[in-house]
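Peer 1: From just these sequences and the hints, can you work out the full model?
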Amino acid sequence: MAIQSPAGVGSGPRPRVLAWAHHHRQAAAASVEKLIREPVSNALTVLVIAIALALPTFALTLASAVTQEISQLDAPPQLSVLTDPALIYDDAVILAEKIERQPGVASVKIIDRDTALKEFINATGLDALSSRLASNPLPHTLWLYPSSNIRAAGLEQLSQDLTALPGVSEVILDSRWLERLEAFIALARSVAIALGVAMALGVVLTLGNTLRLGIESRREEIVVIKLIGGGNAFARRPFLYTGVLIGALGGLVAAVLILIALETLTVPISQLFELYDRSAAVSVFGLLDVIGLLVVGATLGWISACYSVQLHLARIQPR
Amino acid sequence: MDIVFDRVGKRFDQRDALIDLSFSMASGEMAFLTGHSGAGKSTLLRLLLLLDRASSGEVRVNGRPLSKIRESGIGAYRRDFGVIFQDHKLLFDRSVFHNVALPLEIAGFTKRDIDRRVRAALDKVGLLDRERASPEMLSGGEQQRVGIARAVVARPKILIADEPTGNLDPQLSAEIMGLFAAFNSVGVTVIVASHDLALISRMSQRILTLQEGRLITLSNSLRGDS
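These protein sequences, in sequence, are chains Z and Y. Letter by letter, the first sequence follows residues 1 to 319 in this note's numbering. Letter by letter, the second sequence follows residues 320 to 545 in this note's numbering.
Read the hints as simulated data drawn from the structure, not as lab findings. Quantities reported herein were computed from a predicted structural model and do not represent experimental measurements. There may be inaccurate statements among the hints.
What the hints assert, rightly or not - Derived DSS-like pairs: lysine-lysine, alpha-carbon spacing no greater than 30 Å straight-line:
id : chain 1 : residue 1 : chain 2 : residue 2
1  : Y       : Lys430    : Y       : Lys443
2  : Y       : Lys387    : Y       : Lys408
3  : Y       : Lys430    : Z       : Lys34
4  : Y       : Lys387    : Y       : Lys476
5  : Z       : Lys34     : Y       : Lys408
6  : Y       : Lys476    : Y       : Lys443
To be verified - From the structure, some residues in chain Y lie toward chain Z, with a derived Cβ separation under 7 Å:
id : residue
7  : Leu370
8  : Gly394
9  : Arg397
10 : Arg398
11 : Lys408
12 : Leu410
13 : Pro422
14 : Ile425
15 : Gly427
In this text, a Cβ means the ideal position worked out from N, Cα and C, and glycines have one as well.
Peer 2: In structure tokens:
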């Protein structure tokens, strides 16, 4: 297991790089051993970190799942342009071509007034109505599909521009619900991110405190190590490994918690999507996300350990 | 490694712990450091181990002024020393073997080297059969010998012992002093702080006597000042 001393047994310490690598292996092994030696308190710390990581991640996962679904919905005609009732069909076509050249417009479809009336009658079943009407009261309507990259504010501007065009009597912005949903999701995402930042801070403080207790309980050992020639780096290393290990385990448990939560929610979620004629949610939490959580956990653990060690270890000096 | 104290002073708050202290020890020399408690023995050893810095003057080890050694270099500097503490400073959460192995682990020895050297050191202090024991289960004298094994296991160039025979009976004390003399005979510079004058005077080595922070005798040994 040990690296052989290149110059043979009894030749003294290893070359620096090998000694360094060996110290790291030793520190890693020692921190695993310590973790196992106090399973309950370490498991609790891991669980606290896992929950702190899982909550914001879960919220973000749901938010991105919903966003993904929305982007796959057929974009409805988001603007209906009602022409001047006096406008004849040919002029409506010219108007449509003009509008189609506007920035932010993907395509325009003309619904002529006769078709519109027919559809209205079919949809409502008011056959009697057609015979009573002397003339068709509906104007020609242009269904305007905005280009997909346009946002709510852009739509608002577009509808104002269109209203100003000659031949247009009214523009109906059809997107309030989507706008609201998007705003809601954006809000949820911001809250999740803020929650994530607060939780990350919580993780650093919690783990930092756990490590501080570890440092305090091993004060004697640190003093002895320093007395017999171990530098700060040597004394620090096991704590850094413990921090990274607990953090990574926290990330892993967080991933498990999220997967369990998603599994539990699969049935209600697919029922919800079925209401919208959509198949169940696509996979929103994959291997990459698990790895991401691991890395985030380990990084937070490392930061906590650095902070804790910086704060407490240097103060422990042999007296 | 030789040791030079050149007009060294150390002041704590309002009190002078060491005043204008000068002496030198050649490489491979052995000396006793004696004096009443509070005379400055511990302060002198602390300066030598860089647990404290001199307020004035300069300490040089192997020609190197200690004032030039930075915080980050202290670990490496201390690895040239083996130190035996009055209170042993053993770690009770690990076996005798792993206590003795600690300096080798810090220095980065291979596992095989560590096994070999730790056993050799434990053999030297007569505790080879206790390597698996916890230091807690050992008597005071045995704990002191574990401390000695740990101090010599990495073959230091300078051995420092601070009241190593403090609580031991005369026979055990003499045995331990004999061990120090044996290390000295293979070229290790040895400094032993002790107030056990009866024992010291029998050892016929150089004696440095401190009184209120000053060196009052360089030597009263039979061999004379070296």
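Peer 1: Hints first: check each against the structure and report whether it holds.
Peer 2: Structure-based check of each hint:
1. Y/Lys430 with Y/Lys443: Since the Cα atoms of Y/Lys430 and Y/Lys443 sit roughly 20 Å apart, the hinted pair holds (cutoff 30 Å).
2. Y/Lys387 with Y/Lys408: OK: Y/Lys387 and Y/Lys408 at ~28 Å, within 30 Å.
3. Y/Lys430 with Z/Lys34: Cα-Cα ~21 Å, so holds.
4. Y/Lys387 with Y/Lys476: The given pair, whose Cα atoms are some 20 Å apart, holds under the 30 Å limit.
5. Z/Lys34 with Y/Lys408: 21 Å, holds
6. Y/Lys476 with Y/Lys443: 17 Å, holds
7. Leu370: Since chain Z brings a Cβ to about 6 Å from Y/Leu370, closer than 7 Å, the hint holds.
8. Gly394: This interface hint holds because 3 Å falls under the 7 Å limit.
9. Arg397: Hint holds; Y/Arg397 Cβ to chain Z Cβ min 4 Å, cut 7 Å.
10. Arg398: 4 Å, holds
11. Lys408: 5 Å, holds
12. Leu410: 5 Å, holds
13. Pro422: 5 Å, holds
14. Ile425: Interface hint status for Y/Ile425: holds (4 Å vs cutoff 7 Å).
15. Gly427: Given a least distance of 3 Å, the restraint on Y/Gly427 holds.
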